[in-house]
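There are 2 protein chains.
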Amino acid sequence: MEKGLLVVISGPSGTGKGTICRELLKRVDATLSISMTTRAPRPGEKEGRHYYFTDRERFEAHARAGGFFEHAEVYGERYGTPKEPALEALAKGRDVILEIDTQGAMQVREAYPEGVFIFVVPPSLAELKRRIEKRGGESPEKIALRLSKAEGEMAYREKYDYAVVNDKLARAVDDVRAIIRAEHLKVESNRRKKDAAGTVDH
Amino acid sequence: MEKGLLVVISGPSGTGKGTICRELLKRVDATLSISMTTRAPRPGEKEGRHYYFTDRERFEAHARAGGFFEHAEVYGERYGTPKEPALEALAKGRDVILEIDTQGAMQVREAYPEGVFIFVVPPSLAELKRRIEKRGGESPEKIALRLSKAEGEMAYREKYDYAVVNDKLARAVDDVRAIIRAEHLKVESNRRKKDAAGTVDH
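Taken in order, these protein sequences are the chains called A and B.
Under our numbering, the letters of the first sequence match residues 1 to 202, in that order.
Under our numbering, the letters of the second sequence match residues 1 to 202, in that order.
Hints are computed from structural coordinates only; laboratory data are not their basis.
From a predicted model like this one, the values you see are computed outputs, not experimental measurements.
Every residue, glycine too, gets a C-beta built ideally from N, C-alpha and C.
Some hints here could point you the wrong way.
[What the hints assert, rightly or not] So the derived label-pair ranges between C-beta atoms look like this: (1) B:Glu138 <-> A:Arg27: 40 to 50 Å; (2) A:Thr19 <-> B:Met1: 26 to 36 Å; (3) A:Pro41 <-> B:Glu114: 44 to 54 Å; (4) B:Ala91 <-> A:Leu169: 26 to 36 Å.
[What the hints assert, rightly or not] Facing chain A, a subset of chain B residues (Cβ under 10 Å, in silico): (5) Tyr52; (6) Leu145; (7) Met154; (8) Arg157; (9) Glu158; (10) Tyr160; (11) Ala163; (12) Asp175.
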């Protein structure tokens, strides 16, 4: 059986990668990768749907055992992408969608270079500002910080296989669907060649 | 402006690559590459639409001047893919569709490695036999020869970027459209990397 594709949807904060993933999952038959975290569940968050919730000790043990594609600490809490559920789905021929920030994506690429790495580009920094503000709940200082971080993150684009501009959601989702379809049509030996080139680059 | 893509649709004789190209041109905005030949026009064939018709002397001069991506002799007549119209369209940002046999495709890849090389796979050799017979006008010996040649040509698959199975025409055309769309979304630096890998392989 043909193995599934690990499709990594990534990009700066506020580019709408989460929305793309949600829409994508309505249109393609794929499994969403669920993160593991040490932070407490927020109201409405469900175990195994939004996150796998765990404690610090178990998280660290999982990390030491090489159980994550990547993990990071954000505001004092640990977040990681568990390998096992993804590898299991891929082996069964299912595509796995992974939404992740740029730093995480680079770690995933080290661990799984044969993944398909898609960078979601905001139409412009002005639009990005509008989106982050619309999402609300953040001070002007924090918004400015996010924006300058996003600007810096645009340089990551070159590290990805594909770049999709999220100006119109439906179009961006169709772009990602075309990428997934095309990747399945790649000749296996040349896919490996690409990966080899990708790995040398690190 | 972003350069257009040279999309090479290739594969063994009888796989339906011509039909795919014709359908494709109804669905995508692209220029069809027209071959140059020394053979006489058949009834209904139009200059610049089916072929550029020329004489042997001019053909050879064009070949010596490096004016072809590839050229070959078939049954005593010369056929070639002229570079200039394709390069001109590509520079204007237009995609160019080139239908060509497997040997020709390999020459085009030498001359233009940044092309997108798609191998059209017949659903099966039985189906291929049916198609070649249906096309008619050939002796059983010639059909057998074509089939054994096609079987040998299947090994070329590994030299291509993508493989599209032509079981259902509409599906195959949509596959090629997805490939073209995805190729336009590729991050430029990684496209070059792939090409570099591709070139080393020759």
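We went through each hint and held it up to the structure:
1. B:Glu138 <-> A:Arg27: 40 to 50 Å: Given about 45 Å between the Cβ atoms, the range holds.
2. A:Thr19 <-> B:Met1: 26 to 36 Å: 30 Å, holds
3. A:Pro41 <-> B:Glu114: 44 to 54 Å: 49 Å, holds
4. B:Ala91 <-> A:Leu169: 26 to 36 Å: Once the Cβ atoms are compared, 33 Å apart, the range 26 to 36 Å for Leu169 of chain A and Ala91 of chain B holds.
5. Tyr52: 32 Å, violated
6. Leu145: Violated. Min distance 27 Å.
7. Met154: Where the cut-off is 10 Å and the nearest Cβ of chain A is about 12 Å from Met154 of chain B, the hint is violated.
8. Arg157: OK, holds: Arg157 of chain B within 10 Å of chain A, min 6 Å.
9. Glu158: Since chain A brings a Cβ to about 5 Å from Glu158 of chain B, closer than 10 Å, the hint holds.
10. Tyr160: Holds - the Cβ of Tyr160 of chain B comes within 10 Å of chain A, reaching about 5 Å at its closest.
11. Ala163: Check passed: Cβ of Ala163 of chain B comes within 5 Å of chain A, closer than 10 Å.
12. Asp175: At 6 Å from the nearest chain A Cβ, Asp175 of chain B passes the 10 Å test, so the hint holds.
When each numbered hint is compared with the structure, violations occur for hints 5, 6, 7.
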